[in-house]
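*Asks:* Residues per chain, in single letters:
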Amino acid sequence: MNRIVSRHNRLLGVALAGISLVSVAAASAGEISVWVWDKAFNGDTMREAGEIYTKDHPDTTFNVDDTASQDDIRAKLQTQLLAGSTEGLPDIVLIQDDVAQKYLQSFPGAFEPLSDSVDMSVFAPYKVAAATFDGKSYSIPFDSGVTGLFYRSDYLEEAGFTPEDLENITWDRLIEIGQTIKEKTGHQLLDLDLNDTGLIRMMMQSAGEWYFNEDGSLNITDNAALKKALETYAKFYQADLVKPVSGWAEYTGAFTSGEVAMVPVGVWITATIKANADQSGKWGVAPIPRMDLEGSVNASNQGGSSWYLLSSSDNKEEAIDFFKTVWAGNEDFYQDILIKRGAVGSLLSAREGEAYKATDEFFGGQPVWQNFSTWLGQIPSVDYGTFTAEVDAAVASQLPGIIQGGDIDAALQAVSDQAQQQMQ
Amino acid sequence: MTWAVFRRALVYVLLSIAAFVSVFPFFWMIIGATNTSADIIRGKTSIGGALLTNAATFFTQVDAPRIFFNSAFIAIVGTVLTLIISSLAGYGFEMFRSRFRERIFALLLLLLSIPFAAMMVPLFVMFSQAKLVNTYVAVIAPTVASIFIIFYFRQATKAFPRELRDAARIDGLSEWQIFLYVYLPVMRSTYAAATIIVFMANWNNYLWPLIVLQTADNKTITLILSALTSAYTPDYGMLLFGTVLATLPTLVIFFVLQRRFVEGMLGAVK
Amino acid sequence: MSSLKLSGVRKSYGAVEVIKGVDLDIESKEFVVFVGPSGCGKSTLLRMIAGLEEITAGELDIGGKRMNGVDPSKRGIAMVFQSYALYPHMTVRENMGFALRFAKVPKEQIERQVLEAARILALDPLLDRFPKELSGGQRQRVAIGRAIVRQPEVFLFDEPLSNLDAELRVHMRIEIARLHKELQATIIYVTHDQVEAMTLADKIVVLRDGVIEQVGKPLELYDNPANQFVAGFIGSPKMNFLPARIVQKDAGTAVIELVHHEGVRLSLPLAGGAVGDLVTLGIRPEHFGLPGEGAADMTLEVDVAEHLGSTSYVYARAAGEPIIIEREESRDQGDQERITVSVDPSRTYLFDQAGQRIR
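Residue numbers (my numbering), protein chains in the order written: chain A, 1 to 424; chain B, 1 to 270; chain C, 1 to 359.
Do not rely on the hints blindly, as some may be mistaken.
As the list claims (entries may be wrong) - Just some of the chain B residues that point at chain A, by a computed CB distance under 8 Å:
hint : residue
1    : 42
2    : 119
3    : 121
4    : 125
5    : 128
6    : 133
7    : 210
8    : 211
9    : 215
10   : 224
11   : 226
12   : 227
13   : 231
14   : 232
15   : 233
Stated by the list, open to error - In silico SDA-like links for lysine to any residue, alpha-carbon gap of 25 Å or less:
hint : chain 1 : residue 1 : chain 2 : residue 2
16   : A       : 340       : B       : 59
17   : C       : 74        : B       : 177
18   : C       : 249       : C       : 104
19   : C       : 203       : C       : 59
20   : C       : 104       : B       : 164
21   : C       : 20        : C       : 216
22   : A       : 340       : B       : 164
23   : A       : 39        : B       : 263
24   : A       : 274       : B       : 57
25   : A       : 39        : B       : 66
26   : C       : 74        : B       : 162
27   : B       : 158       : C       : 83
28   : A       : 182       : A       : 257
29   : C       : 104       : B       : 185
30   : C       : 132       : B       : 164
31   : C       : 74        : B       : 66
32   : A       : 39        : B       : 230
33   : A       : 182       : A       : 167
34   : B       : 131       : A       : 82
35   : C       : 238       : C       : 252
Think of the hints as simulated: they come from the structure by calculation, not from any bench.
For every residue, glycine included, the Cβ atom is placed at its ideal position computed from N, Cα and C.
Required output: the full structure, derived from the provided sequences and hints.
*Replies:* What follows is the structure, encoded as structure tokens:
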């Protein structure tokens, strides 16, 4: 006879579940918990910082948890802050700069105002601005997303150009160069993903503009920078210089495999590019082009994140001391993480360090880090606002139409309408 | 070639395409687990020699025994509890008359249409106040009364011969005994089918475990794999190796129960 | 073995009353058959006796003890279902011993009783088979065996032969009759087949619309139906009913004339009634005589004749009314267009307009 399940089994199951680790993630006194989303880049960097601190302060240890993706972390933060329950939240959490304002504005009081205890002037101003709300700053800036135009120097040469030809140019000039490259080498210029508005935001920020005005209202239809960015974007497609891709793997695959000649992107792509050791010497980095618009410079930002301290933390003093000692004070640390992982920190004084002055063989002996540091100081500050993600989605939905030659003004209006609706 | 022969060939071609499309992802996954990340991005479709390397990387980066234990515990306990509670409910709805029966059942079906995201926050508040965040209980509890499974069992019970219950009552069995000794054995294939469905759902459950599990040592394999995919430079070889491991339990359960599963789908209850 | 008594038993589902006051006495060791058309309530009544349905009003006594509300397993009954209701996941042996297992009867005794029942029904070679490996007839026997093992006071059969083919049905009927004798059992048997009723029953209970129409021995019901319904239900082929009118009335007798066959007049004993009253004359197909044998002759047009060998059924028509005639040894009759039969008044029945028998 089959006695598959009986009442007893049910009780046993419940008991087991109960006995099982009712482990609430309470950081043991002196243990600082940190949430990051990438083991190799931000995870290991934070661990290294933690080790430096623990050496001098053996009572304080660090638990860096990298087992969640960035989307996961955002989902958890959002849900828990909304639920008003901080059970299990870490002491420190890494948040990407362009979504930080959303959290600061939606959940006032959830984060510690670090500007009360730490001198923020040591960091790149645009990073501090991204985390400033109501006169106080809430983050310790981490990696900068300072952008550069990474290019295949061998293709460039084959097409008859020199690295100097890429200095201080406009996007329109780049399109011309790209056409020649395509003629002479057969390679496309860029790869672009229609779901990713990164390039457009990059262009917009280079002119000091963003989706929102200072008061938080939408800045779309009158946004000259955005309009110019969209026009430029469309031009790439119309000149047939784009390899279309979808998703991260395809995106990185297109340039690591040598299919496309250039990629304008944040400095954090370095690790990905350098992972192909056999391409050493075949790459270079130029400043990104600027838009043919007054106010646009050859510097911008894409991505980049910062450390935030949650108000619910039990270890606030240790955390703040940790930040002051290592992140706001230890220049050697910044050299080390640059060399090891290509992490360009936001501590202004670190730019004077050895590693930053070094040349990089991989990039044909260029002093890339020096260049990035210079550009870092030139990035225009913008206020990312609370609804960047929503406007992004609206812009992305218009891209397919725009690249086919659709009316840009009409597209802008549509973006504005959709965003307006989302923001209700 | 006659029309009949041509049609036959056409059918085979179509079925082959469909079979290929279904099987290819598994094929790709297994091949990928033996290749390096670079090879995978380049689209290599032959077996490589990196299986051991990928395995080594995976086991160093992930606390596999612990993570798999989490997934297994949650999936197994969750499945057992769901089967018990939901099958009892389905049986009860079909077997016992009551004035409110249909109205309650209609209400349950209505609840099915509420998206989980709407319940997520209140659920979290509940468990937070009960100090049960980051526990197995919190992950399992919301899933045990699966409305879908209740519905499934109620439908299946319609095919259960009423007279068996009458005969059992005359033979002196209490209602509980009838459920255990008559209903359960007769409905074996329904339970098999339900086991597969529920186990897969629990094993692959993503959103709620994401919200309610906080520490790395409590997370399930689905969460870990997801995190690994969103690294800045994912190691696809290692990732696919981990995915193969993660897929195994469901495959095993399916193969073990598949005979019964097919029976259950055909509704062969005599 | 026990006796059974139903007093004023009623059953309602909500506002609908399906059993409308049944009184019945069943003797110990009697074979009683509940018979009636679909929906008459016979199965419901059986299930109420079994305890599977609640008794809305009235009393049920088994063996002199009040059984209303008593659990089915404690009433001393065993039931054989139309679809056998065998537990598909158990062997024959386990099926038969199932109830005893739950009564906590020691294993050796269960084995003994199962073997005994198996012997009675010749089930020995099948004991370790599963129900799906058995034929319909074998399954039915297992179902009966399961009932026997319980050693009940009363056996209840719910249309047990309906799912069997014709030949098997005859065979099982005899088996059941034999069982009744051997076990000396009280049996209540439900069927819609009046042949089963006639052949098996000590007593037949005819039901219609939740009411008992007549109770009695089979031949009593055949010879002496209390109303038109029973008269038409018992006996196959059905009794013919012809409209008639009283044309002459003396004390104690009446002359009636068939409405559609003026000229056919019969003199019958009849107590009440008056000239001009409309009545119904009932004649069984087998009670028509050859021309000249009876009191009056009728000539009819033949529609169809069926020849079964020793018997023939002639489907005839008179003035648009269908009549069935049963004839022995009359194969050539069907080839004719017309047939003449005679009516013997002593083999007729009179019913009033309400269907009640009048004498």
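*Asks:* Given the hinted pair residue 182 (chain A) and residue 257 (chain A), is their alpha-carbon gap at most 25 Å?
*Replies:* It holds: about 16 Å lies between the C-alpha atoms, which stays within 25 Å.
*Asks:* Going straight from one Cα to the other, do residue 39 (chain A) and residue 263 (chain B) come out at no more than 25 Å?
*Replies:* 47 Å, violated
*Asks:* With a cut-off of 8 Å on the beta carbons, see whether residue 128 (chain B) makes it to chain A.
*Replies:* 4 Å, holds
*Asks:* For the hint on residue 233 (chain B), does the least C-beta distance to chain A fall short of 8 Å?
*Replies:* At 5 Å from the nearest chain A Cβ, residue 233 (chain B) passes the 8 Å test, so the hint holds.
*Asks:* Next pair to validate is residue 104 (chain C) with residue 185 (chain B); report whether the Cα-Cα distance is within 25 Å.
*Replies:* 21 Å, holds
*Asks:* Under 8 Å is the threshold here; is the Cβ of residue 210 (chain B) close enough to any Cβ of chain A for the hint to stand?
*Replies:* 5 Å, holds
*Asks:* Can you confirm whether the C-alpha distance between residue 158 (chain B) and residue 83 (chain C) stays at or below 25 Å?
*Replies:* 16 Å, holds
*Asks:* Against the 25 Å threshold, does the CA-CA distance of residue 340 (chain A) and residue 164 (chain B) hold or violate the hint?
*Replies:* Cα-Cα ~73 Å, so violated.
*Asks:* Quickly compare the C-alpha distance for residue 39 (chain A) and residue 230 (chain B) to 25 Å and report which way the hint goes.
*Replies:* 10 Å, holds
*Asks:* Checking one constraint from the list: CA of residue 74 (chain C) to CA of residue 177 (chain B), max 25 Å. Satisfied?
*Replies:* At roughly 16 Å apart (the allowed maximum being 25 Å), residue 177 (chain B) and residue 74 (chain C) satisfy the hint.
*Asks:* Would the hint on residue 125 (chain B) be counted as holding, given a Cβ-Cβ threshold of 8 Å to chain A?
*Replies:* 5 Å, holds
*Asks:* For the pair we were handed, residue 340 (chain A) and residue 59 (chain B), check the Cα-Cα distance against 25 Å.
*Replies:* 23 Å, holds
Hints 2, 18, 22, 23, 31, 35 from the earlier list are contradicted by this structure; the remaining hints agree with it.
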